[in-house]
Each structure stands twice: as structure tokens, then as C-alpha cells.
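Q: Kindly generate the complete structure, drawing on both the sequences and the hints.
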Amino acid sequence: MRINPIIRKDLTITSRSMRYSLGMLAYEGLLMLVFMIAMRVLDNTSRYYASLNSQKLSEFIAMFPAVSIAELCIVALIIPMMAASAVTGEKERQTFDILMTTQIKPMQVVTGKMGSAIIRVMLYVLASVPIMAVGFTLGGISWWVLLIYLVLTLVLAILEASIAVFSSAVCKRTITATIMSYLIVFVICGLTFLPLLMAAIYDFALSGMNSFSLELGVSLATLALLPNPIFMFLEFYGVSLSGGSIFVKSLVDEGLPFMEIFDGGVLWIVLSVVIMLLISFGFMKLAASKIDPMNGKSNK
Amino acid sequence: MLYIEHLNKWYGNHQAVKDLSLHIPKGDLFGFVGPNGAGKTTTLRIVCGLLKESSGQVVIDQMSRKKDPEKIKRCIGYVPDFFGVYDNFKVWEYMEFYGSLYGINATDCRKLTEDLLALVNLSEKRDEYVDSLSRGMKQRLCVARALLHDPALLVLDEPSSGLDPRARIEMKELLMNLRGMGKTIIISSHILSELSEMCTSIGIMNQGKLVAIGKIEDILHAGAVDDVVILEIRKDMERAVTIIKQMANVDLISVMENEIKIKYPGEDAELNRILIELMQQDVMLHGFHRQEGNLEQMFMQLTGSEEEAS
Ligand SMILES: Nc1ncnc2c1ncn2[C@@H]1O[C@H](COP(=O)(O)OP(=O)(O)O)[C@@H](O)[C@H]1O
Ligand SMILES: [Mg+2]
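Chains as they are written, first to last, in my numbering: chain W, 1 to 300; chain G, 1 to 310.
No lab work stands behind these hints: they were computed from the structure. Positions of the beta carbon are idealized from the N, C-alpha and C atoms, including for glycine. Any given hint could turn out to be false.
[What the hints assert, rightly or not] Simulated DEER-style distance windows between Cβ atoms:
no., chain 1, residue 1, chain 2, residue 2, range
1, W, Ile3, G, Lys71, 23 to 29 Å
2, W, Ile69, G, Gly162, 51 to 57 Å
3, G, Asp150, W, Gln94, 20 to 26 Å
[As the list claims (entries may be wrong)] Straight-line distance between alpha carbons at most 25 Å, and here's what the computed BS3-like set of lysine-lysine pairs gives:
no., chain 1, residue 1, chain 2, residue 2
4, W, Lys285, G, Lys66
5, W, Lys172, G, Lys52
6, G, Lys263, G, Lys215
7, G, Lys52, W, Lys105
8, G, Lys66, W, Lys290
9, G, Lys71, W, Lys105
10, G, Lys73, W, Lys105
11, G, Lys52, W, Lys285
12, W, Lys290, G, Lys71
13, G, Lys67, W, Lys105
A: Printed below as a string of C-alpha cells:
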């Protein structure tokens, strides 16, 4: 299979841009800072005891969540910036029309643009693996945790990139596309709480009755959190660091119906990944049909 | 080669193209002329599949966009009126990128790039950054790019607008070259004189309508500018005028000191009859000539004189 020409082009161009190098510098610097602060917090003396005291060593486990959470935040903020110019950028540069007269299909434009953004971001992510690895070599976390972490980050990157490319296909300008993608990400991360919150309040208000159907409502409202990356990573840290679910477990303990299937935490993560990929695919489809000139009544 | 059939395009409730039909045979260099806002760009964008028509259809080599959307793309090379290039991208990379969008493999593409850059006279710019090229060079590069997949039809929208005179001439030479190579070319312009020298036929568009189409001579003929004859008369002006006024089918356009401008319909035999009549009545006819066919004038007449023509 040939590599998507858009990925090649975008990577060639960005690799020559000052912005990308400076971005990398800033990113590495920031992670470095988090790393140093984490070292400091862990214990001034751990460095000296490290080789002697295995109890001190295990404290280095905390290095992994500290650095990786910082990294996730950066990644989550960077992708919309990178991918939101996918279509608008080509239009602003007046290269889009020529692109659309060639034999490339709208879906290839979408995957190419997502691909180049994801590759750029994964370069950032992979560059930070050695820093995180401190938590593994010293703290004794098993290697698959790192691998799964990378896979989940990739899923987050795919989700956000598809949202950004969709926004870019819908909006006229890169700035509005960037804002729109942040908004959609915010809706997914922030507003998926709402059903659960409302169900819980409702359930609480009528707690005297405590009927099965009310509790079922709360359980179902919980499912709205499946597409939420925050909860996916919460469960991931729970499973990998403390051996079990953090969030869903509390609901299981409440005795809510059906929640026990999520007891181990792993099913939640798997379902979350599947749903996020489905949502991404939906955004990709929408974006592709939006940029197809032969589609719809669009005049521009 | 290219058939446009009853094409209409509405932008909201403004109709930019009105029932446009035309046929461009293979090997033609067709000029699409009209004042700004006539609907040329809209028509060309529909031909290239960048805009969906409101009704009507475009057929190229018996293929319509509905039935063979992919094949039809391969038939067309498009040079837009306004286009940009990527920053930080070299000329050969530019060519290779578009080559790969047509699925041309890297080795073939390298060879093609060499040939096409030579054709558009940019061989020595191969390793330079595209955005460092001059406007005329970018335009020629864009033509080379549009030729990568060897399209049967080349569509150029106002290729010489914004170019200096020298770049214009180079562009024109390039187009003549391509015409010699047997490409079918459509080129639009709002300047008629630019096209009249190189095009095999032209279509004049105004306010979304095609007001005239055909070979340049035919258009002139149809516009009847051809049928105006100027008679030079030394003596007997008044008598000549009365004779002509009496003749059926002949219009007297103007009378000057020793020239009469007349318009007659149709054949040369008719003109003979007029001349014989005058001579038989002893009018001293010193000479006569046809009014020069003036395309600009024709163009102004067809597109309404309030529009700017150049
Ligand atoms: N995207 C658009 N939306 C609305 N009206 C448009 C659009 N593009 C062009 N028009 C209108 O359609 C008419 C034809 O424009 P155009 O095809 O660009 O003419 P030309 O290329 O001959 O100068 C003009 O009146 C223009 O204002
Ligand atoms: Mg135009």
C-alpha cells in the first residue's frame, strides 16, 4: 500500500517549518519541568536511597502518571491546533481547488490530514517515552502498561483529529475551525457528565422510593461517559496502577444494576475505545461528504 | 470532445449561468470571453467538477460526471484563476506530490517532471522553493502540473491576468505549443484581443448567457459588420444618395464628404448589383472597400457597452 500523498506532503512541509521545531522544544521543555518537579516532590532523598531501598524505589511509580497526564493534556490541546487547518488551511492558501480536481478522494484527504497530524503528535509522544520509562525501570510497572498507554493516546489522537478535520471541513477559517474543535472536545469531555449528574440528582431527590427503574436510569446515564477520554484514562490508571477500576467500581459498590460487568475496569476501557473509534469514523464520514464538491448544495 | 448541455447554475436566487450549451471539438483552442462576472469561472469550475451544476450536464469524451466521476477527472487539467502554492516545498516535490495524487509512480513522475519543466521552461528551477518563483513562473508551473496526468482537456481560467507583458507572451507561446501538440484547450479571458490571435474559436459570454460562438470570422459575419461597404465617390454625391435610397434591401448608414457607408444583406452578388446600378446611372465611383471587421466593436456590441471590455 502506498503512503497517502497528503501525509508525505504535510510532513515534508512541517519538518521544514520553524514552528514545528520550536513546538518540539517547548514540549520537551515542559515535560522536563514536570519531570523535575515530580522528582522533587517524590523525595529529596530518594535519589540517594534509590539503589539501596526498594521501598523508596516503588515511589517512582508516581513518575508515570505525573508525566503521562501532563503529556495527555498537551496532546489534547495540540491536535486541534494541528488538524483544524486541514481543509481551511488549503482553502486559505488557495490550493484546495487544485487538490479536488485531482484523483484523490475526499476520504483520502480526510485520512491524510488526520494521519499527518497524528504522526506529528505521536512523534512528540514517543520522544517522551524515555522520561516516562523512569517510572517503569525504577518503579516496577510492567511494560504492557506503557504499550497500552501509547495505544490509548493514539485513540485519543484519532478522536481529536477526526473532530478537528470535521470542523475544518465545516468552517470557513482555521481560527473558527480550531475553536469549534475545542468546543466539540469540550462537549465530549464535559457534557457527558450531565446525564449522570441529572440522574443522580433525580435519584437522590426520590431516594425514598429507591425503585429499580431509577437505579437503572443512573446506570444507563453512566454509559454516556463511555466516549469521554477522561474516564477512559481514569480507568486505565486505576487498572494499571492500583489493580482495578477507580470510577466504575464506586458505582458497582453502590449496587447499581448491570454495573458489575465493568467491575474489573478493563471492559470499560475496551468499550470506550470502540465507541471513540466509531465516533471518529462518523466525523470522518461527515467531513468527507462535506468537502466533496459533488455533494450537496454548497455554493462555495 | 467536450459537450456542455443546457447548463444552469444558481447561486441562491442569482443565476450565474443561463442555459449554456456548447461543443468544443478535439484539438480546438477555445477562447471563453466575457466581462467580469459573466459566469466564465462558474462554467469552468462546473466543467472541472469543483461546483455542482443546478441543471444540465457536462460530457467529455462520452463520459458524464454522474457515470464516470473518476475517469472524467483524469481527462481534465485545471489551472484556476487564483491559486496558491505550498510554502517550504520545492518545485520537483510539488510536481511529485500532484503526480502521486494521480497515482503516477515515482520513477515515471521524475521523468515526466523533467519533460514538463523543460516544456514550460522551468528546468533550472527544479530545486528551488515554489513560493520563491515569480508569478509568471508559478503560472507556468501550474500548467506543467495540470499536464502531469496527460489530460485530453486543459482548462485555464484567465491564465494571463496579473502577468507582466513578457510573462504574457511566454504564456501565449506555451499555449500555442500545447495546441500544436493536439491538446484541446479552453482558456478564459476578459480581454478579447488576447484570445483572438491564438484561438481557433471563441464563445462570448455575457451575464450568464452565451451570446455568440464559433470561429472568429463566423462571429464577425454573423454580427454583419462584414456587410458594411464604404463607397468612395468623387462627384455626383447627391445623385448617388438618391439612387441608393431608392434601392430595396440597402441601408444607408452615413454620408460623408466623398464616402457613403452602406449596409446590404447577404451575398456578394447583391453588392455587384448595387455597384452596376450606380455605374449605369453615371455615378463616378472611384472605389469601394469593406469595413474592417472589428472584433472589439463586435464584442462591445454583444456584451453591452457599459461593461468594461479590457
Ligand atoms: N460563490 C458564489 N456565490 C454567489 N455568487 C457568486 C459566487 N461565485 C460567483 N458568483 C456570481 O456569479 C456571477 C459569475 O461569476 P464568475 O463565474 O466568477 O464570472 P467571471 O469568471 O466571468 O468573471 C457573478 O455575478 C458573481 O458575483
Ligand atoms: Mg473569473
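Q: Looking back at the hints listed earlier, which ones does the structure fail to meet?
A: Hint check: nothing fails, all pass.
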